[in-house]
Amino acid sequence: MITSLIRQLGEDVGVVLPEVRVTGDDPVFASVFRVDTAAAASVGAATAAVAAYWKRRGGAPAVDPDVSVDVRHAAAAFQSERHFRMDGKPAVLWAPLSGDYRTSDGWIKLHCNFDHHRDAALRALGLAAGAVRDDVAAACAGRTGIDIEEAVTREGGCGATMRTRREWLAHPQGRAVAELPLVGLSRLTVSAAPAPGEGGEAAAGGPPEPVHGPRPLSGVRVLDLTRVIAGPVAARFLAAHGAEVLRVGAAHLPEVPGLVVETAFGKRSCHIDLTSEPEVLRDLVRRADVVIQAYRPGALRERGFGPEDLAALRPGIVCVDVSAYGSRGPWASRRGFDSLVQMVSGIAHENGDGSRPVPLPAQALDHATGFLAAFGAVAGLLRRTDEGGSWLAEVALARTAAWLDGLGRSAGDAPEPRVDDLLAGVDSAFGALTYVRPPGRIQGAEPYWASAPPVPGGHHAGWETTTGTG
1 MITSLIRQLG
11 EDVGVVLPEV
21 RVTGDDPVFA
31 SVFRVDTAAA
41 ASVGAATAAV
51 AAYWKRRGGA
61 PAVDPDVSVD
71 VRHAAAAFQS
81 ERHFRMDGKP
91 AVLWAPLSGD
101 YRTSDGWIKL
111 HCNFDHHRDA
121 ALRALGLAAG
131 AVRDDVAAAC
141 AGRTGIDIEE
151 AVTREGGCGA
161 TMRTRREWLA
171 HPQGRAVAEL
181 PLVGLSRLTV
191 SAAPAPGEGG
201 EAAAGGPPEP
211 VHGPRPLSGV
221 RVLDLTRVIA
231 GPVAARFLAA
241 HGAEVLRVGA
251 AHLPEVPGLV
261 VETAFGKRSC
271 HIDLTSEPEV
281 LRDLVRRADV
291 VIQAYRPGAL
301 RERGFGPEDL
311 AALRPGIVCV
321 DVSAYGSRGP
331 WASRRGFDSL
341 VQMVSGIAHE
351 NGDGSRPVPL
361 PAQALDHATG
371 FLAAFGAVAG
381 LLRRTDEGGS
391 WLAEVALART
401 AAWLDGLGRS
411 AGDAPEPRVD
421 DLLAGVDSAF
431 GALTYVRPPG
441 RIQGAEPYWA
451 SAPPVPGGHH
461 AGWETTTGTG
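For the record, in the sequence shown the residue sitting at position 309 is 309 according to the UniProt record's numbering, with numbers rising by one throughout.
In short, the hints are calculated from the structure, not lab data. Keep in mind that a hint or two might mislead.
Here are the in silico distance ranges between beta carbons for each label pair [to be verified]: (1) Ala141 / Asp25: 19 to 27 Å; (2) Gly425 / Arg175: 46 to 54 Å; (3) Thr275 / Gly431: 27 to 35 Å.
Mimicking DMTMM-like on lysine to aspartate or glutamate, the simulated pairs with C-alpha atoms at most 20 Å apart in a straight line are [claimed, not checked]: (4) Lys89 / Asp420; (5) Lys89 / Glu446; (6) Lys55 / Glu446; (7) Lys89 / Asp427; (8) Lys89 / Glu308; (9) Lys55 / Asp421; (10) Lys55 / Glu387; (11) Lys55 / Glu19; (12) Lys55 / Glu11; (13) Lys89 / Asp100.
Don't be surprised by glycine CBs; every beta carbon is placed ideally from N, CA and C.
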């Protein structure tokens with residue numbers, strides 16, 4: 001099943017992938033959903049795409065290198081933030097007010113990890129700043145889930161009521177999501193002609209340039225404009241195969257500190273204020289190959305950084321857009337996170353007995369979407385190499401949820417997977433780090449991160465001296 005899923009992903013985006021050898025068995029997780037299958041398939045597809053790109057650029061052996069994915073390792077990678085340690089201590093991933101609350105007709109999850117989302121939830125519930133969990137529980141108990149969900153959304157916060165699978169499939173956004181491809185890959189049409197020095201053979205459709213370095217993605221420059229898990233996981237995977245990844249944040253934007261470190265292996269990090277320094281980002285785009293962004297659909301376009309704008313700045317760019325609910329439907333611009341999509345899509349309902357929400361054993365929608373985003377990025381590079389042009393890959397947590405739902409059901413009684421042999425350690429500015437090694441294998445090009453996580457904003461907003469691919 002896993003190999004056929006990988007093959008189908010390649011066909012859906014118009015690229016030929018090498019065969020992937022699957023080792024190990026599922027189930028690995030105790031869940032009614034086939035999270036382990038989704039893990040192996042998404043990791044395997046991304047790894048196969050990297051191997052295909054390596055060969056296409058002339059860096060791989062003449063014979064297809066052996067590509068493999070181990071189910072247990074892929075599953076462990078889906079829980080990477082849970083296994084992560086800084087000086088032996090786990091990262092704090094949830095704020096005090098984040099969590100599930102009973103409503104008058106069911107359950108709602110409030111996502112309060114960022115202070116402004118917490119404050120929005122408190123305003124929606126009519127509570128004062130400084131309210132504690134018991135206050136939130138009491139306020140939720142007297143209102144319906146939909147009432148709270150809509151009130152929190154109006155205030156700019158993030159909440160999701162628990163729905164059944166049937167309710168979600170009948171919901172206007174559920175119907176819109178069902179019409180989306182799992183990984184959408186389309187060519188960008190840009191009227192502006194390439195400026196001198198901004199195109200190159202790859203953008204114009206000529207032969208691929210030689211590999212600049214020994215690794216599959218050596219010389220590929222990736223701008224990571226994402227936060228939390230899905231987007232950062234995508235960029236981290238590309239870094240594991242040799243891409244030069246520059247993570248762009250801003251000093252004023254809130255972060256989940258543990259996740260910032262855990263997803264930053266192999267990257268450099270800079271800060272840019274788009275309000276006052278937009279030209280700095282434009283300069284980075286002009287020399288980039290891939291831009292991964294996870295702002296709400298349309299948010300960057302409003303600032304002049306939509307996919308078409310990026311393609312005009314840098315013909316041959318591959319844009320990767322990561323969203324919660326997709327680019328269509330009434331919720332297209334709604335903020336969302338993995339845990340919220342699990343609630344609205346029926347996953348949290350079915351994963352338990354229906355009386356209260358039970359989450360998946362991993363932030364599986366985030367991680368699967370992250371590896372699918374990396375797959376879409378490399379598929380775009382392959383299409384650019386063969387056909388020229390600029391490309392847009394689109395993925396969404398809610399569409400990944402629909403894919404997971406379609407994989408069937410598991411016995412759900414697997415023991416906790418062993419991970420000790422999948423961990424590694426490194427010293428860093430944050431202390432001694434323990435982390436899950438990158439999953440997926442390419443013969444002759446084992447993935448690894450060449451650097452420990454940097455201090456956020458610790459690098460200048462510029463590329464290193466290596467030459468890009470186009």
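Each hint, compared with the structure:
{"no.": "1", "hint": "Ala141 / Asp25: 19 to 27 Å", "result": "violated (44 Å)"}
{"no.": "2", "hint": "Gly425 / Arg175: 46 to 54 Å", "result": "holds (47 Å)"}
{"no.": "3", "hint": "Thr275 / Gly431: 27 to 35 Å", "result": "holds (34 Å)"}
{"no.": "4", "hint": "Lys89 / Asp420", "result": "holds (16 Å)"}
{"no.": "5", "hint": "Lys89 / Glu446", "result": "violated (28 Å)"}
{"no.": "6", "hint": "Lys55 / Glu446", "result": "holds (15 Å)"}
{"no.": "7", "hint": "Lys89 / Asp427", "result": "holds (14 Å)"}
{"no.": "8", "hint": "Lys89 / Glu308", "result": "violated (44 Å)"}
{"no.": "9", "hint": "Lys55 / Asp421", "result": "violated (30 Å)"}
{"no.": "10", "hint": "Lys55 / Glu387", "result": "holds (16 Å)"}
{"no.": "11", "hint": "Lys55 / Glu19", "result": "holds (13 Å)"}
{"no.": "12", "hint": "Lys55 / Glu11", "result": "holds (18 Å)"}
{"no.": "13", "hint": "Lys89 / Asp100", "result": "violated (25 Å)"}
When the structure is compared with the earlier hints, violations turn up for hints 1, 5, 8, 9, 13 and for no others.
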